[in-house]
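Visitor: Sequence:
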Amino acid sequence: MGGHKYTAPELDPLAQIHIARRLAPIILGALKPEGGRKAILARLAKFANLASAEGEGQSALAENDQIIADAMDLATSILEAAASSNEDSVNFIIRECAARIFRMREGGGGLPIWPKGQEYPSYRDIDGFTLFGLVCRYLFLEYREPIAEYIASLNLAPGPALAAAVAGAPRERPPGAPEAR
4 MGGHKYTAPE
14 LDPLAQIHIA
24 RRLAPIILGA
34 LKPEGGRKAI
44 LARLAKFANL
54 ASAEGEGQSA
64 LAENDQIIAD
74 AMDLATSILE
84 AAASSNEDSV
94 NFIIRECAAR
104 IFRMREGGGG
114 LPIWPKGQEY
124 PSYRDIDGFT
134 LFGLVCRYLF
144 LEYREPIAEY
154 IASLNLAPGP
164 ALAAAVAGAP
174 RERPPGAPEA
184 R
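Residue numbers for the sequence shown follow the numbering used here, beginning at 4 and rising by one.
Read the hints as simulated data drawn from the structure, not as lab findings. By construction, the Cβ of each residue, glycine as well, lies at the ideal position given by its N, Cα and C atoms. Accuracy of the hints is not assured; some may be wrong.
[What the hints assert, rightly or not] Beta-carbon label-pair distances, calculated as ranges:
1. ILE150 to GLY111: 28 to 36 Å
2. SER156 to SER125: 34 to 42 Å
3. GLN121 to ALA27: 23 to 31 Å
4. GLY5 to GLY110: 18 to 26 Å
5. GLU13 to TYR126: 20 to 28 Å
Model the full assembly from the supplied sequences, consistent with the hints where possible.
Guide: Have a look at this one:
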């Protein structure tokens, strides 16, 4: 990102729990529970599709307009939910993650982008959007497998739309979405 390479170790179990409990209201808000169980399951299926596309590599993601549209839809929902969340929770999540994300140096090794206890990030070129992008990607990579395992553990008998989404079958395109190539 931004011409720099980053790496991050996995979160320890206690950090996972503390971050997850602060993320829960944001994720639940993004899933729009007012739409009911089917709406939540459809959003979770989209998340699972994004996770599998991520595992296949960036080129697969860039070639699939529907997955990009789903990612934008989910990102918009997450931003809306995050905007209304508690500032202390948001600060905790950002600082905990940023302390674990390292910018790699040419000779090897690296420094955390925002060490714990430090008032500002370590690098002056890291603005809010870059920080947000790095933290979101870290959280996505950290939580995609547990979420996918949770979805699988539900043992749901999906309807046709959910079955198609999970199976990766072509789906109806949202209004205004570009045509498939």
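Visitor: Now, for every hint given, state plainly whether the structure supports it.
Guide: We went through each hint and held it up to the structure:
no., hint, verdict
1, ILE150 to GLY111: 28 to 36 Å, "holds (33 Å)"
2, SER156 to SER125: 34 to 42 Å, "holds (39 Å)"
3, GLN121 to ALA27: 23 to 31 Å, "holds (27 Å)"
4, GLY5 to GLY110: 18 to 26 Å, "holds (19 Å)"
5, GLU13 to TYR126: 20 to 28 Å, "holds (23 Å)"
In the structure shown, no violation is registered for any of the earlier numbered hints.
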